[in-house]
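*Asks:* Sequence:
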Amino acid sequence: GLVVEHMSRVGNAPILIPAGVTVEKTGRTVSITGPKGTLKLDVSPAILVTIEGDRVIAQRKNDQKKIKALHGLTRSLIVNMVTGVSSLWSKNLELVGVGFRAEVMGNKLVINVGFSHPVEMTAPAGIIFEVTDNTKIKVSGIDKQLVGQVAANLKKVRIPDVYKGKG
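Add 4 to a position in the sequence shown, counting from 1, and you land on the number used in the working numbering.
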């Protein structure tokens, strides 16, 4: 179908390496380094990644459906990595509730949402927490997936049930 055709065209499009970012390949590992850090990606043997000047090109060895999908995924992972090491990914969350507040202490995010004790979350390696106005939390990092994961975990911090089932 058309979708697959489109994917393969996208997969073959070269990825531009911005100024200040270097891409190196060692065996099957692609390392991308930028002002914000370094990310590594182990590429499947079915995908051939080549670096030409300021461009990265991902090509697939055959047209099997599974490999086509992997091709598009590999390319978007590299694009995400290039973006992350050059300008960081971030997600913004906001605490909504009376007396709710958050603060950063070292590499910990401390959240008060009415529990008897505050909820603490230690930033995983590569993640930066920022808090503004005591209620706006910004999660940043070079790894898009990790930023998303940490933000999702933060959203799981729930407000306690006042009634505890006594109603």
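Don't take every hint at face value.
Pairs of lysine-lysine residues, derived as BS3-like cross-links and limited to a Cα-Cα distance of at most 30 Å, are as follows [said to hold, decoys possible]:
1. 72 / 160
2. 159 / 65
3. 40 / 29
4. 65 / 95
5. 95 / 142
6. 159 / 70
7. 112 / 29
Here are the computed distance ranges between Cβ atoms for each label pair [unchecked claim]:
8. 160 / 28: 36 to 42 Å
9. 16 / 110: 43 to 49 Å
10. 132 / 52: 42 to 48 Å
11. 118 / 140: 29 to 35 Å
12. 111 / 152: 16 to 22 Å
13. 56 / 112: 25 to 31 Å
14. 129 / 103: 41 to 47 Å
15. 129 / 17: 29 to 35 Å
16. 22 / 103: 41 to 47 Å
Calculated from the structure, these hints are not laboratory results. Please read these numbers as outputs of a predicted model, since none were measured by experiment. Even glycine gets a Cβ: it sits at the ideal position worked out from N, Cα and C.
*Asks:* All hints are to be evaluated individually against the structure, with a verdict given for each.
*Replies:* Status of the hints after comparison with the structure:
no., hint, verdict
1, 72 / 160, "violated (35 Å)"
2, 159 / 65, "violated (41 Å)"
3, 40 / 29, "holds (19 Å)"
4, 65 / 95, "violated (36 Å)"
5, 95 / 142, "holds (6 Å)"
6, 159 / 70, "violated (33 Å)"
7, 112 / 29, "violated (35 Å)"
8, 160 / 28: 36 to 42 Å, "holds (37 Å)"
9, 16 / 110: 43 to 49 Å, "holds (45 Å)"
10, 132 / 52: 42 to 48 Å, "violated (35 Å)"
11, 118 / 140: 29 to 35 Å, "violated (18 Å)"
12, 111 / 152: 16 to 22 Å, "holds (19 Å)"
13, 56 / 112: 25 to 31 Å, "violated (44 Å)"
14, 129 / 103: 41 to 47 Å, "violated (32 Å)"
15, 129 / 17: 29 to 35 Å, "holds (32 Å)"
16, 22 / 103: 41 to 47 Å, "holds (44 Å)"
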